[in-house]
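Taking the hints into account, I'd like the entire structure generated from these sequences.
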Amino acid sequence: MDTTQITDAPPPTPQPTQAEQKRAARGATRPGDRIFLGLSRGSGILLLVIMAAIAVFLTYRASIAISKDEANFFTAFEWNTQLIPPKFGIAVLAFGTIVSSIIAMAIAVPIAVAIALFLTHYAPRRLSGPIAYVIDLLAAVPSIVYGLWGALILVPHMNGLYGWLNDYLGWTGIFSWQQGAPRSMLTVGILLAIMILPIITNVSREVFRQVPQMHEEAALALGATRWEVIRMAVLPFGRSGVISASMLGLGRALGETMAVATVLSPSFDIQASLLDPGGGTFAQNIASKFGEASELGRDALIASGLVLFVITLLVNGAARMIIARRKEYSGANA
Amino acid sequence: MSTAATASTLKGARLPKWSPYAIAAGSVALGLGISFAAGLESSIQWALIAGLLFVLGTYVIAARVEGRRQAKDRIATSLVWVAFLLAVVPLVSLVWSTVSRGLKVLDFYFLSHSMGLVADSEPGGGIYHAILGSLEQVALATVIAAPIGVLTAIYLVEYGRGRLAKAVTFFVDVMTGIPSIVAGLFILSIMLMFDMEPFGFAGSLALAILMMPVVVRSTEEMLKLVPNELREASLALGIPKWRTILKVVIPTSIGGITTGIMLAVARIAGETAPVLLLVWGNSLINANPFEGAQQSLPLYIYQQYANSAGAGAAYDRAWAASLTLIAFVMILNLVARGIARWKAPKTGR
Numbered sequence: 387m388d389t390t391q392i393t394d395a396p397p398p399t400p401q402p403t404q405a406e407q408k409r410a411a412r413g414a415t416r417p418g419d420r421i422f423l424g425l426s427r428g429s430g431i432l433l434l435v436i437m438a439a440i441a442v443f444l445t446y447r448a449s450i451a452i453s454k455d456e457a458n459f460f461t462a463f464e465w466n467t468q469l470i471p472p473k474f475g476i477a478v479l480a481f482g483t484i485v486s487s488i489i490a491m492a493i494a495v496p497i498a499v500a501i502a503l504f505l506t507h508y509a510p511r512r513l514s515g516p517i518a519y520v521i522d523l524l525a526a527v528p529s530i531v532y533g534l535w536g537a538l539i540l541v542p543h544m545n546g547l548y549g550w551l552n553d554y555l556g557w558t559g560i561f562s563w564q565q566g567a568p569r570s571m572l573t574v575g576i577l578l579a580i581m582i583l584p585i586i587t588n589v590s591r592e593v594f595r596q597v598p599q600m601h602e603e604a605a606l607a608l609g610a611t612r613w614e615v616i617r618m619a620v621l622p623f624g625r626s627g628v629i630s631a632s633m634l635g636l637g638r639a640l641g642e643t644m645a646v647a648t649v650l651s652p653s654f655d656i657q658a659s660l661l662d663p664g665g666g667t668f669a670q671n672i673a674s675k676f677g678e679a680s681e682l683g684r685d686a687l688i689a690s691g692l693v694l695f696v697i698t699l700l701v702n703g704a705a706r707m708i709i710a711r712r713k714e715y716s717g718a719n720a
Numbered sequence: 013m014s015t016a017a018t019a020s021t022l023k024g025a026r027l028p029k030w031s032p033y034a035i036a037a038g039s040v041a042l043g044l045g046i047s048f049a050a051g052l053e054s055s056i057q058w059a060l061i062a063g064l065l066f067v068l069g070t071y072v073i074a075a076r077v078e079g080r081r082q083a084k085d086r087i088a089t090s091l092v093w094v095a096f097l098l099a100v101v102p103l104v105s106l107v108w109s110t111v112s113r114g115l116k117v118l119d120f121y122f123l124s125h126s127m128g129l130v131a132d133s134e135p136g137g138g139i140y141h142a143i144l145g146s147l148e149q150v151a152l153a154t155v156i157a158a159p160i161g162v163l164t165a166i167y168l169v170e171y172g173r174g175r176l177a178k179a180v181t182f183f184v185d186v187m188t189g190i191p192s193i194v195a196g197l198f199i200l201s202i203m204l205m206f207d208m209e210p211f212g213f214a215g216s217l218a219l220a221i222l223m224m225p226v227v228v229r230s231t232e233e234m235l236k237l238v239p240n241e242l243r244e245a246s247l248a249l250g251i252p253k254w255r256t257i258l259k260v261v262i263p264t265s266i267g268g269i270t271t272g273i274m275l276a277v278a279r280i281a282g283e284t285a286p287v288l289l290l291v292w293g294n295s296l297i298n299a300n301p302f303e304g305a306q307q308s309l310p311l312y313i314y315q316q317y318a319n320s321a322g323a324g325a326a327y328d329r330a331w332a333a334s335l336t337l338i339a340f341v342m343i344l345n346l347v348a349r350g351i352a353r354w355k356a357p358k359t360g361r
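Going down the list, the protein sequences come from chains D and F.
If you read the first sequence in my numbering, its first letter stands for residue 387, the second for the next number, and so on.
If you read the second sequence in my numbering, its first letter stands for residue 13, the second for the next number, and so on.
These are computed hints drawn from the structure, not numbers from a lab.
Backbone N, C-alpha and C define an ideal beta-carbon position, used for all residues, glycine too.
Among the hints, a few may not be true.
Stated by the list, open to error - Listed next, the stretches of chain F that the computed footprint assigns to chain D, with coverage defined by at least 3 CB atoms under 8 Å from CB atoms of chain D:
id, region
1, 61-70
2, 100-112
3, 168-178
4, 228-236
Right, here's the structure in full:
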């Protein structure tokens, strides 16, 4: 299907004599070559077109929704697309998405870095191979299964921890708890942390593995303990890698849908406490409101999806930029 | 060093090799003891207490015997171990609960029947329609995404120079991070324009968008592993570039490419969000992916969980479907990695 579509696109057209001379110098270009180049370049261009189309179509539908919105789309605390006039805004969703991702990052990044160090510097050789393999497999567990596990196993187990936090840290306001079911931002954050752990671990492990052995041996020769080697040689070398790994994980956490939709009991307000149920995230809101949404409701959800798209685009783009920059200088001293 | 100066020997005092294990056992016992004494019933709590005791105990004991620097080293070691164990607990729990609960209703009847005429709250029914829908949607997505992905990778590795190649590389990377629900919304916005009802192929299109960048990435890595000598040898014999690619480069790396595609299939097989928006779900068997709502395995899990208002039978079915899905994904993963190892390109090193 795509073949015909791509060959239709003009292959590199014959240019005036200068280009032909060039081609002759390179050797004859056979029709097979031109078709093949056209096909493969066409696929690359198709990918760019898809990305552009995503942005264009989402923006178009979003603009329809926002033009009918009677409230401020960015600051309103409600989501009533059925009302006349309709009023909806993403303030609660943006808050929930950021809070749950921050919790997830705060838990997952240190643990993932520790596991990556464990695999590269602490674990016995015989163990580290299989463990890395298992972590790879865990990255493949579908998010809906994490969601089911989170809702049916993790949530009941959180009661004890919540009571504890409420008893000792309840005075802060952030950790106060009114004995509702623990389907709140904290549980969501913990579940997201578990889900993004494998990605951050894998990327960090690759970076730590690339640390030049000379650096480590030099530190050891100066009498450094293992921890000092890590602090002086491994972590400085791997810092940018860990940052980009974390941002990849952050991208995942921001866009995670099903795990949040199953665990969170949503409401359209902002809770001061992380332990009380309520709030919502972009992706969760789309999944749970989509079923009964009217046409305008769907457009409104698409508008919120556009915001999510832009945020993840920025986060991922930044992460990739950091990785790309690091490649240049790691090649120099490898 | 400072301890070496004060002590008469060159080597400072060391803790015996078994000491970490002893401290670990002691702190677990103490953690359990404290929890029982305080009446804390959650396993999360005693594990946290035990972990804290282990780290503190290691530091105090090592600082007294070996000095501050060694104590810091030991505390780092114990923290790393604790982090590892902390991560293992939920993962083991996930696998254990899926397997033990899933096996309750997973049998041949479950795999060969649909949910027609079975209310979500009743026992009975099965996932035949969901498996069928999943297989069709994923197969269609693969048929679209795999050729485009592989060709793009060929372009990037064999031809790609200049600004276009750089742009494609960057956007492939960025595309890897698109949330699955956004891919779903994109197809949805097209469907809204033409007033289309949900159908299976729409889901396939969204899944294909999610699959392409993964295929491009892995194929690219594999093509880069093919030694240049092979290409040069073929070109030196006067063989055109496209035949070199088709007959030399791709056969050399076919194992890795297959692995990459299978891993990508495993990834999209578990995607729920786009399917929820575009395929809608259906309790009856619908074998036609081009018309009418279909079911899919991940969506089935979600709907059994969400629409059943806590009925035990529905939860059992959700677990059994999860087990099926995990088994499918894991088998794909294992086979893919097996192929990768078996057909690893000979890098000439």
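A quick look at each hint next to the structure:
no.	hint	in the structure
1	61-70	violated (count 0)
2	100-112	holds (count 6)
3	168-178	holds (count 6)
4	228-236	violated (count 1)
Figure legend: structure checked against the earlier numbered hints; hints not met, in rising order: 1, 4.
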